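Quick mapping for you: the protein sequence lines, in order, are chains P and D.
Each residue of the first sequence is one higher than the one before, counting from 1 in our numbering.
Each residue of the second sequence is one higher than the one before, counting from 1001 in our numbering.
A portion of the hints provided could be inaccurate.
As the list claims (entries may be wrong) - Cβ-Cβ distance ranges computed for the label pairs, FRET-style:
| no. | chain 1 | residue 1 | chain 2 | residue 2 | range |
| --- | --- | --- | --- | --- | --- |
| 1 | D | Thr1079 | P | Gln41 | 27 to 33 Å |
| 2 | P | Gly16 | D | Arg1058 | 44 to 50 Å |
| 3 | P | Ser80 | D | Ala1017 | 45 to 51 Å |
| 4 | P | Ala14 | D | Gln1055 | 46 to 52 Å |
| 5 | D | Ser1026 | P | Ala14 | 21 to 27 Å |
| 6 | D | Arg1058 | P | Gly3 | 21 to 27 Å |
| 7 | D | Tyr1073 | P | Ala14 | 42 to 48 Å |
| 8 | P | Gln41 | D | Gly1057 | 31 to 37 Å |
| 9 | D | Gln1014 | P | Thr13 | 27 to 33 Å |
| 10 | D | Tyr1073 | P | Gly16 | 46 to 52 Å |
| 11 | P | Thr5 | D | Glu1005 | 30 to 36 Å |
| 12 | D | Gln1014 | P | His73 | 29 to 35 Å |
| 13 | P | Ser80 | D | Asp1027 | 33 to 39 Å |
| 14 | D | Gly1052 | P | Gly16 | 46 to 52 Å |
Said to hold, decoys possible - Examples of chain D residues toward chain P, derived with CB under 10 Å:
| no. | residue |
| --- | --- |
| 15 | Gln1033 |
| 16 | Trp1040 |
| 17 | Asn1045 |
| 18 | Tyr1069 |
| 19 | Tyr1073 |
| 20 | Ala1088 |
| 21 | Lys1098 |
| 22 | Ile1100 |
| 23 | Ala1103 |
Since the hints were made in silico from the structure, they are not lab data.
The model shown is predicted, which means the values in this text are computed figures rather than measured ones.
Cβ atoms here follow ideal geometry from the backbone N, Cα and C, with glycine treated the same way.
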Amino acid sequence: DSGVTQTPKHLITATGQRVTLRCSPRSGDLSVYWYQQSLDQGLQFLIQYYNGEERAKGNILERFSAQQFPDLHSELNLSSLELGDSALYFCASSNHHGGKLFFGEGSRLTVL
Amino acid sequence: GIQVEQSPPDLILQEGANSTLRCNFSDSVNNLQWFHQNPWGQLINLFYIPSGTKQNGRLSATTVATERYSLLYISSSQTTDSGVYFCAVGGRSGGYNKLIFGAGTRLAVHP
Chain P
1 DSGVTQTPKH
11 LITATGQRVT
21 LRCSPRSGDL
31 SVYWYQQSLD
41 QGLQFLIQYY
51 NGEERAKGNI
61 LERFSAQQFP
71 DLHSELNLSS
81 LELGDSALYF
91 CASSNHHGGK
101 LFFGEGSRLT
111 VL
Chain D
1001 GIQVEQSPPD
1011 LILQEGANST
1021 LRCNFSDSVN
1031 NLQWFHQNPW
1041 GQLINLFYIP
1051 SGTKQNGRLS
1061 ATTVATERYS
1071 LLYISSSQTT
1081 DSGVYFCAVG
1091 GRSGGYNKLI
1101 FGAGTRLAVH
1111 P
């Protein structure tokens, strides 16, 4: 158990819908990262937050947004979903910038 | 951005065999980590190793940052070692906190 909690574990939805994925980092970790894993793109960095502020941005679509709340949990919002958004979405946390990453178990999103 | 290449892409071993996985990267890095994704999809951090050598049980890793490569050694492999091994790097050009993952080495250990 990494200490990073993600919910939901599985999610099935339809094209055009909006979903929210939630992540609670390890106790004491200030940085939260979101990654997307798909068969064709591999593991792609989406976005990082540190103590509530956005710190790095990767290949995140405009239809996706994220935020980190004062209690340090983070949410990834995916809207206007397309079939190609079906993937495993991972959250990870570390105790500082560039620190050792600990991953949650992921949220598997299926868009039908 | 930084390019990360892992080799071999696939590896099949008999239980008890040793193996070496390689990660080459295209630019200077100050953050390098190795992960194991087990067959259930969990990503487990094996090493944080931007330089030098570390050992953890049957696993060890070496990063030679000046020559832009890292090696992961697995000794006396067990069936539970099966899964995909990823190398991930971060550097000045992309941001050391933004880890770029390689495509992975898929390892199957047979009894």
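Evaluation of the provided hints:
1. D/Thr1079 <-> P/Gln41: 27 to 33 Å: This hint holds: roughly 29 Å between Cβ atoms.
2. P/Gly16 <-> D/Arg1058: 44 to 50 Å: At roughly 49 Å between Cβ atoms, D/Arg1058 and P/Gly16 fall inside 44 to 50 Å, so the hint holds.
3. P/Ser80 <-> D/Ala1017: 45 to 51 Å: 49 Å, holds
4. P/Ala14 <-> D/Gln1055: 46 to 52 Å: 49 Å, holds
5. D/Ser1026 <-> P/Ala14: 21 to 27 Å: Taking Cβ atoms as reference, D/Ser1026 and P/Ala14 lie about 40 Å apart, which means the hint is violated.
6. D/Arg1058 <-> P/Gly3: 21 to 27 Å: About 24 Å separates the Cβ atoms of D/Arg1058 and P/Gly3, which means 21 to 27 Å holds.
7. D/Tyr1073 <-> P/Ala14: 42 to 48 Å: 47 Å, holds
8. P/Gln41 <-> D/Gly1057: 31 to 37 Å: 32 Å, holds
9. D/Gln1014 <-> P/Thr13: 27 to 33 Å: 43 Å, violated
10. D/Tyr1073 <-> P/Gly16: 46 to 52 Å: 48 Å, holds
11. P/Thr5 <-> D/Glu1005: 30 to 36 Å: For P/Thr5 and D/Glu1005 the Cβ distance comes to about 33 Å; the hint holds.
12. D/Gln1014 <-> P/His73: 29 to 35 Å: Given about 45 Å between the Cβ atoms, the range is violated.
13. P/Ser80 <-> D/Asp1027: 33 to 39 Å: 35 Å, holds
14. D/Gly1052 <-> P/Gly16: 46 to 52 Å: Holds - the Cβ-Cβ distance for D/Gly1052 and P/Gly16, about 50 Å, lies within 46 to 52 Å.
15. Gln1033: 6 Å, holds
16. Trp1040: 8 Å, holds
17. Asn1045: 6 Å, holds
18. Tyr1069: Interface hint status for D/Tyr1069: violated (20 Å vs cutoff 10 Å).
19. Tyr1073: 19 Å, violated
20. Ala1088: 8 Å, holds
21. Lys1098: 5 Å, holds
22. Ile1100: With a minimum Cβ separation of about 7 Å from chain P (threshold 10 Å), the hint on D/Ile1100 holds.
23. Ala1103: The hint holds - D/Ala1103 has a Cβ within 10 Å of chain P, the shortest such distance being about 6 Å.
Hint compliance for this structure: hints 5, 9, 12, 18, 19 are broken, all remaining hints hold.
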